[in-house]
Amino acid sequence: MSQKKIHEDQKYIDGLVQNNPFIIQAIYSQFVPKVVNYIKQNSGDAERAQDIVQEVIITIYNQAKEKGLQLTCPFDAYFFLLCKRKWLNELKKTSKKEVTINETVLSNTDDVEELVLETSLFEQQHKLFSEMFEKLGQACKELLKTTFKIKSMEEVAESLGVTYAYVRKKKSLCIGKLTEMIQASPLYNNLKS
Amino acid sequence: MQEADYILFETYLSGALDAKAQGEFEARLESDEVFKNAFETYKQATAFLENTYGNEAETEAFKKNLNAISEKHFTREIKTTKRIKPWHYSIAAAVVLLFGFFIAQQFSTPSYDDFASYDTISLSVRSQQPELISKAETAFNEKDFKAANGYFKQLLETNPDNLEFQLYQAVSMVELDFFYEADALFGKLLGTPSVYKNKAAWYLALSKLKQEDYRACVEVLKTIPEDAEDYKQAQKLLKKLD
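Going line by line, the protein sequences match chains A and B. Throughout the first sequence, residue numbering follows our numbering, covering 1 to 193 in sequence. Throughout the second sequence, residue numbering follows our numbering, covering 1 to 242 in sequence.
Misleading hints may appear alongside valid ones.
Label pairs and their calculated CB-CB ranges [what the hints assert, rightly or not]:
{"id": "1", "chain 1": "A", "residue 1": "Lys11", "chain 2": "B", "residue 2": "Gly15", "range": "31 to 39 Å"}
{"id": "2", "chain 1": "B", "residue 1": "Thr138", "chain 2": "A", "residue 2": "Leu117", "range": "53 to 61 Å"}
{"id": "3", "chain 1": "A", "residue 1": "Gln138", "chain 2": "B", "residue 2": "Asn37", "range": "25 to 33 Å"}
{"id": "4", "chain 1": "B", "residue 1": "Glu30", "chain 2": "A", "residue 2": "Glu134", "range": "32 to 40 Å"}
{"id": "5", "chain 1": "B", "residue 1": "Glu24", "chain 2": "A", "residue 2": "Asn37", "range": "55 to 63 Å"}
{"id": "6", "chain 1": "A", "residue 1": "Glu55", "chain 2": "B", "residue 2": "Glu131", "range": "48 to 56 Å"}
{"id": "7", "chain 1": "A", "residue 1": "Lys34", "chain 2": "B", "residue 2": "Glu71", "range": "15 to 23 Å"}
{"id": "8", "chain 1": "B", "residue 1": "Glu226", "chain 2": "A", "residue 2": "Gln138", "range": "36 to 44 Å"}
{"id": "9", "chain 1": "A", "residue 1": "Asp76", "chain 2": "B", "residue 2": "Asp227", "range": "29 to 37 Å"}
{"id": "10", "chain 1": "B", "residue 1": "Asp144", "chain 2": "A", "residue 2": "Gln10", "range": "38 to 46 Å"}
{"id": "11", "chain 1": "B", "residue 1": "Glu50", "chain 2": "A", "residue 2": "Ile6", "range": "17 to 25 Å"}
The following residues of chain A were derived to be distant from chain B, with all beta-carbon distances above 12 Å [said to hold, decoys possible]:
{"id": "12", "residue": "Lys5"}
{"id": "13", "residue": "Ile6"}
{"id": "14", "residue": "Ala49"}
{"id": "15", "residue": "Glu66"}
{"id": "16", "residue": "Asn89"}
{"id": "17", "residue": "Glu90"}
{"id": "18", "residue": "Lys92"}
{"id": "19", "residue": "Val116"}
{"id": "20", "residue": "Lys171"}
{"id": "21", "residue": "Leu173"}
What the hints contain is simulated information worked out from the structure, not anything from laboratory work. We put the beta carbon where it would ideally sit given N, CA and C, even for glycine.
Starting from the given sequences, assemble the full structure and let the hints guide the process.
Below is the structure:
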């Protein structure tokens with residue numbers, strides 16, 4: 001990881017992690033109107049903008065929680081570009097007719113591009129992990145859900161009526177199985193490169 | 001990878017390997033690319049599971065909060081962007097002219113004193129330091145905020161996590177114009193799932209009002225949910241500021 005300076009707007013990321021309603025509200029008041037405008041000018045409406053914004057915020061939240069996301073550029077540029085890319089992808093997927101894109105001229109620095117790319121990769125990875133998890137056997141799914149929910153392995157063993165050693169071994173084998181499925185997915189290798 | 005490798009990954013991540021085994025493990029990571037890749041993916045999968053299932057309740061609380069704020073924001077967005085027909089502008093202009101005088105009067109900026117009325121408090125924790133608690137309570141109720149602030153500070157030294165003390169200390173600090181410290185305390189309370197969360201939001205809005213930071217005040221007011229005790233007051237203030 002590079003040693004870049006963390007931007008002062010990191011407060012928005014931290015606020016999301018802390019579930020601080022004041023910060024969430026500030027994001028909506030300060031940064032969302034621009035996104036809504038963009039989506040409306042490009043074949044969308046307020047309702048679809050609402051979904052795009054919400055999905056992007058949840059991804060940022062997940063990335064911050066899982067990977068300790070550190071903002072190295074202004075939140076405004078980062079957030080806008082994430083929403084914009086998501087919307088354009090959505091348009092590509094759903095629209096059969098030609099779409100005209102009213103491009104707003106925005107010069108994004110390398111920092112913004114890099115961070116947006118990182119977040120998009122994280123989002124795809126997260127989606128892949130969820131899909132692979134769903135494909136695990138029922139027993140593994142149950143065991144993993146329980147071991148991560150109840151932090152103490154002893155308690156998990158007791159709740160499942162098995163021994164501690166069994167739970168420990170089974171947990172590693174189930175994550176191992178998940179690891180193999182993820183590694184076997186062509187998408188995962190694309191995401192890594 | 002063998003089953004034994006995955007068991008080894010788990011033992012390594014839980015920190016249960018002894019120094020020698022740990023050294024060997026790390027040396028293998030350096031030299032064996034396949035082993036290293038599998039371990040990296042295993043670690044990522046663990047982080048994913050930890051966030052998805054370990055923090056499920058937190059994530060749900062976050063989504064709920066986000067959804068509520070989003071709904072509120074977009075309901076207004078849709079309402080305000082409804083098409084206005086051109087002749088409506090002239091009607092609106094006439095109305096504004098006609099009632100200009102009255103409207104101007106309505107727009108006088110609200111002040112902190114119009115809204116800040118703190119009820120008499122009765123602190124609930126009585127098991128420890130009953131004397132100090134009673135002093136804090138009396139000082140606060142008699143509006144001696146300087147003394148109240150001192151007492152709450154002392155109480156928080158021994159009960160740093162008591163949210164009730166934090167709330168009333170923050171209020172006392174607003175009264176004393178120690179805004180920076182007060183707002184930080186309110187911010188902390190807003191992040192808790194406690195019963196003081198909505199109160200903290202309302203008092204934070206009042207603090208912003210006193211600082212004449214109207215934009216921040218409006219933003220805080222918008223976060224106060226309908227079931228909050230101060231919702232009506234918040235809406236009234238919001239109307240005056242909007």
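Take the C-beta atom of Asp76 (chain A) and the C-beta atom of Asp227 (chain B), compute their distance, and say whether it sits inside 29 to 37 Å.
holds (33 Å)
Would you say the C-beta atoms of Glu30 (chain B) and Glu134 (chain A) sit inside 32 to 40 Å of each other?
With Cβ atoms ~35 Å apart, the hint holds.
Against chain B, does Val116 (chain A) keep a CB gap of more than 12 Å to every residue?
Correct as stated: the minimum Cβ-Cβ distance to chain B is 20 Å, above 12 Å.
C-beta pair Gln138 (chain A), Asn37 (chain B): status relative to the range 25 to 33 Å that was hinted:
holds (28 Å)
Range hint compliance [Cβ, Asp144 (chain B) to Gln10 (chain A), 38 to 46 Å]
Between Asp144 (chain B) and Gln10 (chain A), where Cβ atoms are some 39 Å apart, the hint holds.
Any Cβ of chain B at or closer than 12 Å to Lys171 (chain A), or is the non-interface label fine?
Violated: least Cβ distance 7 Å, not greater than 12 Å.
Is the nearest Cβ of chain B still more than 12 Å from the Cβ of Glu90 (chain A)?
holds (17 Å)
Minimum Cβ distance from Ile6 (chain A) to chain B greater than 12 Å, as the annotation requires
holds (19 Å)
Could you see if the CB distance from Glu55 (chain A) to Glu131 (chain B) stays within 48 to 56 Å?
holds (54 Å)
Check the non-interface label on Leu173 (chain A): least C-beta distance to chain B beyond 12 Å or not.
violated (6 Å)
Test the statement that Lys5 (chain A) is away from the interface with chain B: the closest C-beta pair must be farther apart than 12 Å.
holds (24 Å)
Does the Cβ pair Lys11 (chain A), Gly15 (chain B) satisfy 31 to 39 Å?
Given a distance of about 32 Å, which is inside 31 to 39 Å, the answer is holds.
In the structure shown, a violation is registered for the earlier hints numbered 14, 15, 20, 21, in ascending order.
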